[in-house]
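Asker: This is what each chain is made of:
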Amino acid sequence: MKKLLPLLVITLALYGCTDCGPQQELTARISFQPAKDSLHLNQIYALGARDQQLFKNQTEYFNQYHQFSLSDFPISLLADSTSYVFEFDNRVDTLTLFYQRDFFYKEHCGFVVDMKKPARSEDARSTFSSVSVVYESYLAEKFTFPAKIGGNGISVNITL
Amino acid sequence: MKAILYFLILSLAFSKAHAQQIQAPFYIGIDVVKGIPSYVFPEKYFIRKTVVIEPYIRFGTQKPRRSILISAGFAHGSSKVDTSRSISTHQFQGIYLKMAFEATNRQIPLSVGVGPMFSIAGFKGKYQFKGPTFGDYTADFNEKGSLAFGAEAYLAYDVPLNKKLSLRFLIRNAIALRSKDTFAPDYFPGIGYTRDMSQLLFSGGFSTQLFFRCK
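For the record, the sequence lines run as chains A and B.
Letter 83 of the first sequence, counting from 1, is numbered 83 in the working numbering, and no numbers are missing.
Letter 112 of the second sequence, counting from 1, is numbered 112 in the working numbering, and no numbers are missing.
One should not assume that every hint holds.
What the hints assert, rightly or not - Capping the alpha-carbon separation at 25 angstroms, the derived lysine to aspartate or glutamate pairs in DMTMM-like fashion look like this:
1) B:130 to A:89
2) A:56 to B:136
3) A:117 to B:158
4) B:126 to B:102
5) A:106 to B:140
6) B:80 to B:143
7) B:126 to A:80
8) B:130 to A:25
9) B:124 to B:140
10) B:44 to B:82
11) A:56 to A:80
12) A:106 to B:158
13) B:130 to A:93
14) B:126 to B:158
15) B:124 to A:114
16) B:80 to A:19
17) B:180 to A:107
18) B:49 to B:82
19) B:130 to A:107
20) B:215 to B:140
21) B:180 to A:141
Keep in mind that the hints were calculated from the coordinates and are not lab data.
Just chain B, same shape as in the assembly (with noise of 0.2 angstroms):
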């Protein structure tokens, strides 16, 4: 908890800093696609009935074309059951922090970012050996307050849909490392799909934003 207080506290100096020097751009976002076809494919995605809600502020620097990007995200839901590992039910839930310095070509909308992120997530469920002799066994599993420090890295693409509004595509890789490494989710919030992977979580995917520009 002292880790995420210390990154929000760093950010918010480090924005204010930034915010009161010059009459940059600011943008507020949030993210449109996540989460959705958990909804849509059901049966076919990773992830079922999961709500991602990931807003942004986006914000010049003194130098052109250079901004900074903070993100908060909360991902609550379930994975898909999976009775080849034992898994009966399995919910997961976590909120996370991501920061990015962001560059922008001369020419083309197109921007690439990076920065540190943060995230921390519990997975609880249940698991269940058949038994077709003396009855199944069923036991509970939960797993609180397991964390992952990384970086994420991302290639963007904005698209203005008015003066106000643009929408923004994006190909983002998230690199972390896990505190422990008890129980290895099929979504780790955050960061996108983790199966099988224990302690280095590597993991990416496609997204779209909507960003609404303040001033």
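Looking at chain A on its own, in the form it has when it is part of the complex (with noise of 0.2 angstroms):
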């Protein structure tokens, strides 16, 4: 029984480092590089959302410190794509992320979801000049305490 213990504590360790993602509607982080100080967002909402509460969230942030805030874009679960419309003072811009749902079991998680690169060649379809996107893996790779490795999810990089 002695022997036994430290095996005990090991799989109690590893059983404490999966990491599940967020099992709930996911975000992308948006950021815009470099925003201009004048410019103001009248408002942004989503194709398809019943709820628009956190883009005018977002829209209300970014008036005041000109670039979204950390609490992030949620993207539909229910298509492989989502579309914003950011609606600023002289000019309208539309966003469509691409992305590809996975939802799969995962041992000591259940039902889990995640985010891939699109099968199609591009990324996303915008207005604005420039968009970038990186896609990582919204479930952490590493989960040794304290820090995680990966985990971050869609990222997506606008120049005006």
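Assemble the dimeric complex from its two separately framed chains, guided by the hints.
Answerer: So this is what it looks like as structure tokens:
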């Protein structure tokens, strides 16, 4: 029994290291580079969204700090793309983000959701001058206390 | 399916061979406990509305105080909804076969048994991810023909009720290997509580069986 004890501790430790990801609606991180101070955003909305509250919050945050808050943009789990409309004072821009949804069963987690780079060649379609997308898994690869590696999900970098 | 057939044929051949040779006691029995907690404590127990039908035959062999037990079981029910695993509904169904070689103590009616077991089960249900902004994503999962091979051991205490009927209280433990590990159910028919066990299943429990002596 004494010999089994370290094994049990290791098992428990490993169990704690499993990262299950968000297991809910995922979000993409959008950053503007560089954002002009004078730019005023009237509203942002997402096509097909039932609740625009998070986008209203992002609009307010943007007008105050000239960047989006880290509390991210929800992306739809119901389709392989999500479209956002950015209404500025003197221009309207659209951004359609493409991805590939990945639902699977993971040990100790149950069902998990992740996003992958889309099978098609383009990552995004937009009226912004340049958009680059980085796809990273939403599930951290290694979850060694106290830091985790990976698991950042989709990041979008927009140049106006 | 082939494996079940072989197992059945072997078991039957074995039991026939013994039954013909000697006039040993012969019992039929049924489990009277499994499944009941799932109706009595549906909120607390890990399975709910689960029907477990597990009949037995038990007969003596040529050797004194040695017997053979053969059982076939059927389980159908649902597991507790587990939102922490994104699972919104989860049903299971399975059949299993067990055989045990049993030895009984000379003084007290205490028996130990050990033998092979085989279970084939299916699991289905729905999983859901909450989507406050764009709407919830719901999908089905359906795993059919999940096989488990293993062994079961038990310690049983028999309490005679009258000349023919007896109650058997037992603690059992099963260990089994699964064919695939795409989905780890909370309950595997014939084995028991198997949460988080993907390939090696190890479970046990307490049960009570009612036996009727035929001869």
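Asker: If a hint holds in the structure, say so; if it does not, say that too.
Answerer: Hints and how they fare:
Between residue 130 of chain B and residue 89 of chain A, the direct Cα distance comes to roughly 34 angstroms. Violation of the 25 angstroms bound is thereby established for this hinted pair. For the hint linking residue 56 of chain A to residue 136 of chain B, the alpha-carbon distance of about 21 angstroms falls within 25 angstroms, and the restraint holds. The hinted pair formed by residue 117 of chain A and residue 158 of chain B fails the criterion: a straight-line CA distance of about 63 angstroms is larger than 25 angstroms. For the proposed pair residue 126 of chain B and residue 102 of chain B, the alpha carbon gap of about 42 angstroms is over 25 angstroms, so the pair is violated.
In summary, the hint linking residue 106 of chain A to residue 140 of chain B is supported, as the alpha carbons are separated by about 16 angstroms, within the 25 angstroms threshold. Under the criterion of a C-alpha separation no larger than 25 angstroms, the hint pairing residue 80 of chain B with residue 143 of chain B is consistent with the structure, at around 18 angstroms. Among the hinted pairs, residue 126 of chain B with residue 80 of chain A is consistent with the structure: their alpha-carbon atoms are about 21 angstroms apart, no more than 25 angstroms. For the given pair, residue 130 of chain B sits about 6 angstroms from residue 25 of chain A by alpha-carbon distance, which is consistent with the 25 angstroms threshold.
Straight-line distance between C-alpha atoms of residue 124 of chain B and residue 140 of chain B comes to about 7 angstroms, which keeps the hinted pair within the 25 angstroms bound. Restraint check: the Cα-Cα separation between residue 44 of chain B and residue 82 of chain B comes to about 12 angstroms, which is no more than 25 angstroms; the hinted pair holds. Among the hinted pairs, residue 56 of chain A with residue 80 of chain A is consistent with the structure: their alpha-carbon atoms are about 23 angstroms apart, no more than 25 angstroms. At most 25 angstroms may separate the alpha-carbon atoms for a hinted pair to count; residue 106 of chain A and residue 158 of chain B exceed this at roughly 43 angstroms.
At most 25 angstroms may separate the alpha-carbon atoms for a hinted pair to count; residue 130 of chain B and residue 93 of chain A exceed this at roughly 29 angstroms. Using a Cα cut-off of 25 angstroms, the hinted pair residue 126 of chain B and residue 158 of chain B is violated, with the two alpha carbons roughly 43 angstroms apart. Only pairs whose Cα atoms come within 25 angstroms are accepted, and residue 124 of chain B paired with residue 114 of chain A is accepted, the gap being roughly 22 angstroms. Distance check on the hinted pair: residue 80 of chain B and residue 19 of chain A sit about 23 angstroms apart at the alpha-carbon level, within 25 angstroms; holds.
Using a Cα cut-off of 25 angstroms, the hinted pair residue 180 of chain B and residue 107 of chain A holds, with the two alpha carbons roughly 12 angstroms apart. With a CA separation close to 16 angstroms, the supplied pair residue 49 of chain B and residue 82 of chain B stays within the 25 angstroms bound. Under the criterion of a C-alpha separation no larger than 25 angstroms, the hint pairing residue 130 of chain B with residue 107 of chain A is consistent with the structure, at around 20 angstroms. Restraint check: the Cα-Cα separation between residue 215 of chain B and residue 140 of chain B comes to about 50 angstroms, which exceeds 25 angstroms; the hinted pair is violated.
Between the alpha carbons of residue 180 of chain B and residue 141 of chain A the distance comes to roughly 23 angstroms, so the proposed pair stays at or under 25 angstroms and holds.
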